[in-house]
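Using the sequences and the hints, build the whole thing.
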Amino acid sequence: MRVYGLHAGLIALLLALHFVLPAYHHGNLARVMVLASYAMGYNLLFGYTGLLSLGHALFFAAGMYGMGLGVQHLGLSPAPALLAGLGAGAVVSAGLAALALRTGGVAFMIVTLMFAQAGYLTVLYFGAYTRGDEGFVIQQAQRMLWGIDLSDPGNRYLAALILFGCCLMLSLWLVRAPFGRVLVAIRENEERVRMLGYDVFAHKFAAMVISGTMAGAAGAAYGLLFGYAGATFASVQYSIFPLLWVLLGGAGTVLGPFIGTLFMFYLIDLSSGITTAYMLIAGVALVLLTLFAPQGLMGEVRRRLWRGLP
Amino acid sequence: MITPKSGLKGTTRRAALKTLAGAAAGASLPLWARYTHAQTAAPIKVGFQVHRTGIGAAYGRWYDRTTQAAVKLINEGGGINGRMVEIVAEDDGTDPKRGAEVVEKFANQHGCDIGFGTLFSHVVIGSAPRAGELKLPYFVVSEGHHVASGKLNRYTLQPGITDVKSQVQAMAPYVAQNLGRKVTMVFPDFAFGHDHRDFFTAAIEAQGGEVLEHIAIPPAETSFTKYFPKIPRDTEVLYHVMVGPAVLTFVKELGEFFGGQGPALFGFIDSLEAVAIDSPGLEFLENSYFWEGMCRHRQPDESADETFYREAVGVDDRGASVSDARDVSTYAHMFGCWETLHVVKAGMEASGYAGPQDRAALIEAVEAMTDMPAGRDHPQGAKRFNGKTHQVFGHQYISQVQGGQLVRVHTTSIEDTLYPDEVDYTTQAF
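As they're listed, the protein sequences go chains A and B.
For what it's worth, UniProt numbering labels the leading residue of the first sequence as 1, then goes sequentially.
For what it's worth, UniProt numbering labels the leading residue of the second sequence as 1, then goes sequentially.
These are computed hints drawn from the structure, not numbers from a lab.
Heads up, some of the hints might be wrong.
To give an idea of the chain A side of the interface with chain B (calculated C-beta under 7 Å), a few residues [stated by the list, open to error]:
id, residue
1, A23
2, Y24
3, G27
4, G127
5, D133
6, E134
7, G135
8, S151
9, F226
10, G227
11, G230
12, T232
13, T276
14, R304
What the simulated footprint calls covered on chain B by chain A, stretch by stretch (three residues with Cβ under 8 Å from a Cβ of chain A suffice, anywhere in the stretch; the number is not a length) [stated by the list, open to error]:
id, segment
15, 121 to 127
16, 183 to 194
17, 273 to 282
18, 410 to 423
Values in this document were obtained by computation on a predicted structure and should not be read as measured data.
Every residue, glycine too, gets a C-beta built ideally from N, C-alpha and C.
Okay, here's the thing in structure tokens:
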């Protein structure tokens with residue numbers, strides 16, 4: 001109960017912040033919530049199942065382009081476009097899971113990385129539809145969801161909060177359900193789980209599809225809320241970002257992805273005002289964290305303050 | 001006992017409130033006194049979205065220098081409407097996501113009057129929707145066709161640099177008449193290359209020429225030898241627009257393949273911006289032709305205004321930094337920052353711009369502009385602005401490499417660069 005209270009409390013806090021934050025931070029937080037949803041999807045696979053993917057940008061981009069191309073070329077309105085994005089994330093992650101899960105460890109990293117790179121090049125190759133690296137704008141008129149203008153800052157924030165809240169609660173419920181316990185067990189000792197009679201492949205497959213669908217939902221929402229879809233979001237750095245956010249915030253904690261995304265966002269935002277070497281500052285912060293809090297910020301909270309934190 | 005006490009209490013409360021209000025007003029005096037003063041003396045804040053890191057860093061460095069030089073000149077001349085111009089620079093990492101965040105920072109945190117200076121197309125297209133939503137006039141210096149194509153919005157303008165469509169189509173008459181009508185195009189297989197492919201193919205066909213072969217090079221390619229056998233033997237002109245670090249390899253391998261016996265080479269200097277034309281491996285470019293937005297090497301007939309500009313920015317006769325001859329500028333593009341800031345100045349003066357409440361008036365003032373004569377404000381040459389498409393048009397230059405020197409051989413007319421309007425932004429509401 002206490003656990004659900006904490007997570008619902010975060011959502012309530014974010015809702016309260018909607019009314020008090022100054023415009024700049026209000027906009028930032030909307031963006032952070034969408035990206036944190038992406039990170040939460042990543043965390044299900046990496047933090048809980050122990051599968052380190054270097055290709056999640058493929059799923060984020062699948063969602064973004066599933067939505068964006070639907071709006072641009074099929075004239076879809078936002079609701080079906082979002083579903084198309086979600087569907088694209090699910091289909092692409094299922095396809096990749098079927099292939100990549102035949103491998104494990106370093107091979108899994110390489111296979112996911114390669115597929116994501118292939119996805120990136122596919123976006124460039126079909127430049128006639130995707131406008132390749134340049135990308136395309138999703139116009140304000142195309143972003144009216146049931147009469148609600150998603151380009152309005154208030155609506156954008158609330159839409160981001162709804163996505164974030166759904167992903168957070170879904171993650172929390174999943175990892176506390178028997179299904180999630182099996183994922184953790186797979187992470188800890190795959191052979192023993194197999195010996196106990198669980199279908200390891202099916203669990204990994206499901207984890208990857210849920211993870212990819214969540215990433216796809218975040219990608220679709222990002223395109224719709226910020227009005228742009230471009231190949232940059234399919235590039236390798238957008239596969240690395242969720243890994244960093246999750247590592248910073250605490251892999252295998254439900255709140256970690258949000259904390260990590262928020263921390264990294266402001267670390268870059270503030271340090272870029274001081275020096276052009278802001279990525280160096282981010283790098284140093286990561287090294288320090290790895291040295292002194294190897295389980296990430298929320299991992300450290302779990303270790304020191306609250307052992308039962310999911 | 002009770003009545004006088006309550007009366008006394010009431011009086012005290014009122015007096016206390018008055019005193020408090022007076023004290024608050026007094027204490028905050030510097031704040032509101034400064035605010036009324038701000039109407040006339042606070043600087044005009046120009047949010048400069050600069051590619052300091054990422055793939056656009058070399059361009060960003062020179063865009064920065066040009067911008068600083070232009071602002072210095074404007075401020076020495078009394079600023080804009082009597083107010084100094086202050087540059088608020090933010091690095092966008094040449095990334096569209098960060099670009100959009102930076103635009104938000106300009107509008108919501110720094111309180112900038114305008115956003116300015118973006119070059120790379122994907123950053124412009126990723127940032128422009130946010131600029132439109134935040135109602136921040138967004139002056140890009142990108143040479144992309146995205147503004148004039150109608151993809152963006154009323155708040156996004158490109159008044160200081162011509163777009164790729166007009167540049168490419170203006171090359172076709174010269175190429176057809178002087179170099180040949182049978183062209184093979186080699187271009188990177190992404191949006192920038194596709195623009196060249198589409199616009200030039202149409203333009204050369206209009207001149208009675210044809211493109212024999214389109215050779216698209218995948219973005220991650222590092223060696224090009226295997227593509228050269230695809231070049232048809234009867235090719236008269238090889239049109240190339242490779243970009244990024246691979247360009248040096250590309251030119252070297254191309255030279256080795258043809259051994260000086262191949263078709264005429266025509267390229268866009270974009271490939272070699274910030275690269276010295278006499279770099280090792282580029283000898284093969286001797287006698288080849290380049291589009292230049294502005295002539296990097298000083299021409300014998302250079303105008304006094306361009307000489308002034310060259311000195312103000314700190315560029316020598318070969319287009320390198322006066323303090324470091326190895327630091328070659330992005331000369332064919334960076335004038336756009338200088339000219340854009342002067343257009344902003346003219347627009348703010350014409351609209352009597354006093355603050356963010358006048359942003360719409362500023363855009364209308366720029367939309368009303370047409371001919372911009374060559375001069376200190378426009379050292380690259382005369383321009384013609386199209387208020388409907390928010391895009392400026394101007395002369396283009398073709399140079400030939402002669403003895404390691406870029407020598408201008410042709411100047412297009414502005415008419416050569418015009419094409420029918422694809423959008424009318426003035427019909428969009430603010």
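Now for the hints, and whether the structure bears them out:
1. Of the supplied interface hints, the one on A23/A holds, with its beta-carbon coming within about 4 Å of a beta-carbon of chain B, less than 7 Å.
2. The interface hint given for Y24/A is met, as the beta carbon of that residue sits about 4 Å from the closest beta carbon of chain B, less than 7 Å.
3. At a threshold of 7 Å, the smallest CB-CB gap from G27/A to chain B is about 5 Å, leaving the interface hint in force.
4. For the restraint placing G127/A at the interface with chain B, the shortest Cβ-Cβ distance is roughly 5 Å, inside the 7 Å limit, so the hint holds.
5. Given the 7 Å rule on beta carbons, the hint for D133/A holds: about 5 Å separates it from the nearest Cβ of chain B.
6. Interface hint at E134/A: satisfied, since its Cβ lies 4 Å from the closest Cβ of chain B, which is below the 7 Å cut-off.
7. For G135/A, the interface hint holds, the least distance from its beta-carbon to any beta-carbon of chain B being 5 Å, beneath 7 Å.
8. For S151/A, the interface hint holds, since its Cβ comes within 7 Å of a Cβ in chain B; the closest pair sits about 5 Å apart.
9. Below 7 Å, beta-carbon pairs count as interface contacts, and F226/A has one with chain B at about 6 Å; its hint therefore holds.
10. Annotation: interface hint on G227/A holds; nearest CB of chain B at approximately 3 Å, less than 7 Å.
11. Checking G230/A against chain B: minimum C-beta separation of about 5 Å stays under 7 Å; hint holds.
12. At a threshold of 7 Å, the smallest CB-CB gap from T232/A to chain B is about 5 Å, leaving the interface hint in force.
13. Because the closest C-beta pair between T276/A and chain B is about 5 Å apart, less than 7 Å, the hint holds.
14. With 7 Å as the threshold, the beta carbon of R304/A stays out of range of chain B, its nearest partner Cβ sitting at about 33 Å, so the hint is violated.
15. For the segment 121 to 127 of chain B, the proposed coverage by chain A is satisfied: 4 residues have a C-beta within less than 8 Å of a C-beta in that chain, meeting the threshold of three.
16. Only residues whose beta carbon comes within less than 8 Å of a beta carbon in chain A count, and the segment 183 to 194 of chain B has 5; three or more means the coverage holds.
17. With 0 residues having a Cβ less than 8 Å from any Cβ of chain A, the segment 273 to 282 of chain B misses the three-residue criterion, and the hint is violated.
18. Given a C-beta distance limit of less than 8 Å, the hint that chain A covers the segment 410 to 423 of chain B is violated, as 0 residues qualify and 3 are needed.
Against the hints set out earlier in the document, violations occur for numbers 14, 17 and 18.
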